[in-house]
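Colleague: Chain by chain, the residues run as shown.
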Amino acid sequence: MQLTQSQKAQIRWLKSADGVILLKSSGDWTIDALRDAAGMLEHFSMASRNVSIQWDVSDVGRVDSAGMMLFIHYYDLLKSDNCSIEVIGAKDEHEKMYRLLREYAPGHPVVEPSFSSRFLRIFNGIGKISVAFVLDMGAFLSFIGENFVIFLSSLLNPLSIRFGAIVKNIEDAGVRAMPIVALTSFLIGIVIAYQGAVQLEKFGANIFIVDMIGISVTRELAPLITAIVVAGRTGSSYTAQLGVMKITEEIDAMRTMGFDPHRFLVLPRIMALMIALPLMIFFADIVGILGGMFISHVHLHLSYAEFLHRLQTVLEMKHVWIGIGKGPFFAWLIAAVGCFRGFQVSKSTESIGRYTTISVVNAIFLVIACDALFSVILTELGI
Amino acid sequence: MSDTVITVLNVVTRFGKNVVHDGISLNVRRGEIYGLLGGSGSGKSTLMKEIIMLLRPQSGEIRVLGQNLLTISRSDAAILRHQWGVLFQAGALYSSLTVRENVGIKLKEYTDLPLKLIRDIVRLKINMVGLPEHAADLYPAELSGGMVKRASLARALAMDPKLLFLDEPTSGLDPVGAEAFDNLILKLREILGLTVVMVTHDLDSIWTVVDRFAVLGEKKVIAEGTLNEVRQNPHPVIKKFFRGKRGLIRSRNGG
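Keeping their order, the protein sequence lines are chains Y and Z.
For the first sequence, my numbering assigns the number 165 to the initial residue and increments by one for each residue that follows.
For the second sequence, my numbering assigns the number 24 to the initial residue and increments by one for each residue that follows.
These are calculated hints, taken from the structure and not from any lab test.
Beta carbons are placed, not taken as given, at the ideal position from N, Cα and C, and that holds for glycine.
Watch out, some of these pointers could steer you wrong.
Said to hold, decoys possible - Keeping only pairs whose Cα atoms sit at most 27 Å apart, straight-line, the calculated DSSO-like set for lysine-lysine is:
| no. | chain 1 | residue 1 | chain 2 | residue 2 |
| --- | --- | --- | --- | --- |
| 1 | Z | K131 | Z | K72 |
| 2 | Y | K260 | Z | K210 |
| 3 | Z | K72 | Z | K129 |
| 4 | Z | K243 | Z | K40 |
| 5 | Z | K129 | Y | K511 |
| 6 | Z | K242 | Z | K40 |
| 7 | Z | K72 | Z | K40 |
| 8 | Y | K255 | Y | K243 |
| 9 | Y | K172 | Y | K255 |
| 10 | Z | K131 | Y | K172 |
| 11 | Y | K260 | Z | K139 |
| 12 | Z | K262 | Z | K242 |
| 13 | Y | K179 | Y | K243 |
| 14 | Y | K255 | Y | K188 |
| 15 | Z | K139 | Y | K172 |
| 16 | Y | K188 | Y | K243 |
| 17 | Z | K72 | Z | K242 |
| 18 | Z | K210 | Z | K72 |
| 19 | Y | K188 | Z | K139 |
| 20 | Y | K188 | Y | K260 |
| 21 | Z | K139 | Z | K129 |
| 22 | Y | K172 | Y | K188 |
| 23 | Z | K243 | Z | K72 |
| 24 | Z | K129 | Y | K172 |
| 25 | Y | K243 | Z | K139 |
| 26 | Y | K255 | Z | K210 |
What the hints assert, rightly or not - Not everything, but these chain Y residues come out facing chain Z in the computed CB check (under 7 Å):
| no. | residue |
| --- | --- |
| 27 | I195 |
| 28 | L198 |
| 29 | A230 |
| 30 | M233 |
| 31 | S510 |
The shape of chain Y in the complex, shown without the other chains:
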């Protein structure tokens, strides 16, 4: 049983005088030697209809299931094209294999989808996606509904709130994220200052850089950038954590012990992020303004004292409050979506990756949509 080289499977045909086609196959009909024979048989079967065939297999060497499958496939195909086939010279071992495999051979060949069904498939796809979307929304609504009920019941019984878990989640999601939030908001401050400085310098209106940085960073940029960083960092980790717990049946185990996963896992995460995100936005405000101040000093030669003095007079507190006030809303969206997607993970490991991606994409989209909503409402209200 050494590694043997296979002889190429071959097939030839010749027409005898009485109209019978003699099909002669030879070589090894094994998986690594079949290609030419498969091509020629395809060619042969296309051209043959309503003929008598003698299939001589006496020169065939080794046969494996792929080779036998090839034989069966074209045998059936030619039969269905009204050919009469007589197989001659089959060896015992081949016949035995034929009998054993015949019962498992797939019957009718797979039907290629016709044009109209391909066309319909598009609508089929759209329909499936729409239904999935509606079901998804329904599931999300029932998730936040359940969560809200648990929240209300824990308000009635404040001792049941998991304060320890909240603190731990604040540390994970807030404190540990401070370096990356500081870095991104500092860079945003620098970018805004640079872009503004070039334009303002043209008008000799250098001092207005302070207004620009102060308002844009506190009202819009710091909340948005912080929320996006948190969505990527914390939202994804919520999904992955809960997803793994789902796969390892930890969540089922909790349910059997009477620990409601919403109370123990979801609520602490949502509350922690709703507390942490506004604080992080405030932190990002400070760092972002520092970044802008630094560039104003370097590029526009505006002294730090001058910058701060101007900041005090032009930056109304409402801008800061609006920016921080968005925090809990963003946090709720990120945490709720992250946990919801975590619970959707099914039993394959691959779905963790898929739902984590979905969770981050959803969270970032919702944060930006929510921010746009805030802009519209606040502008309409004249704030």
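Using the hints, position chain Z against chain Y.
Modeller: Just chain Z now, with coordinates in the frame of chain Y:
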């Protein structure tokens, strides 16, 4: 041409200071179903991994189909890998592919057969292992435990291997499913002329499907042979294995 397909000779395996095998030797003959037995941690899965070139022993010799695995060249190793199929304990189906794609992946990558033929071969193999036709388009996450094993077996058989390695094929199956799986192995050996090596601790499998087996323990092969030969062995580990309650019941009812 010898009738020995796999020869393991004086194999020593160490992980750090932990010696797993201390001079293991055994032979697998062509066409037989060979069992590797032993308690948990006796190194039977490790030995199988060495035979399929996932691990290298520290010393000794392993020959598979006449090739010495410790001195084999890369190209020979590639050819050799096409001669066997492996069924992993948890199936190890690729979770991003459907059953049909899982079964067909080696055919697609390693042969130049027309797609139509590949599709037929895949359906043949899926029928052979007793999976329903509609299972072909499911993803592994949607299959039950028994179906995962069958799908994985179909994948292992895709290229018509000469050798089939099974790592605890019946673990996680109910007794009915396990027996059906054992019968399936027997039938496939008949159809495809396989040589099967299986790691198992399912006593029922040993009684029903395994022709010869080796019992691993104390870092060595304690006994090798057919069931009746091994049962005569007075070694305490063998006694525990076959004279324990489960073993006794089985031998009374038709050993």
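Colleague: When the structure is checked against the list of hints, which entries are broken? Sort them ascending.
Modeller: Violated: none.
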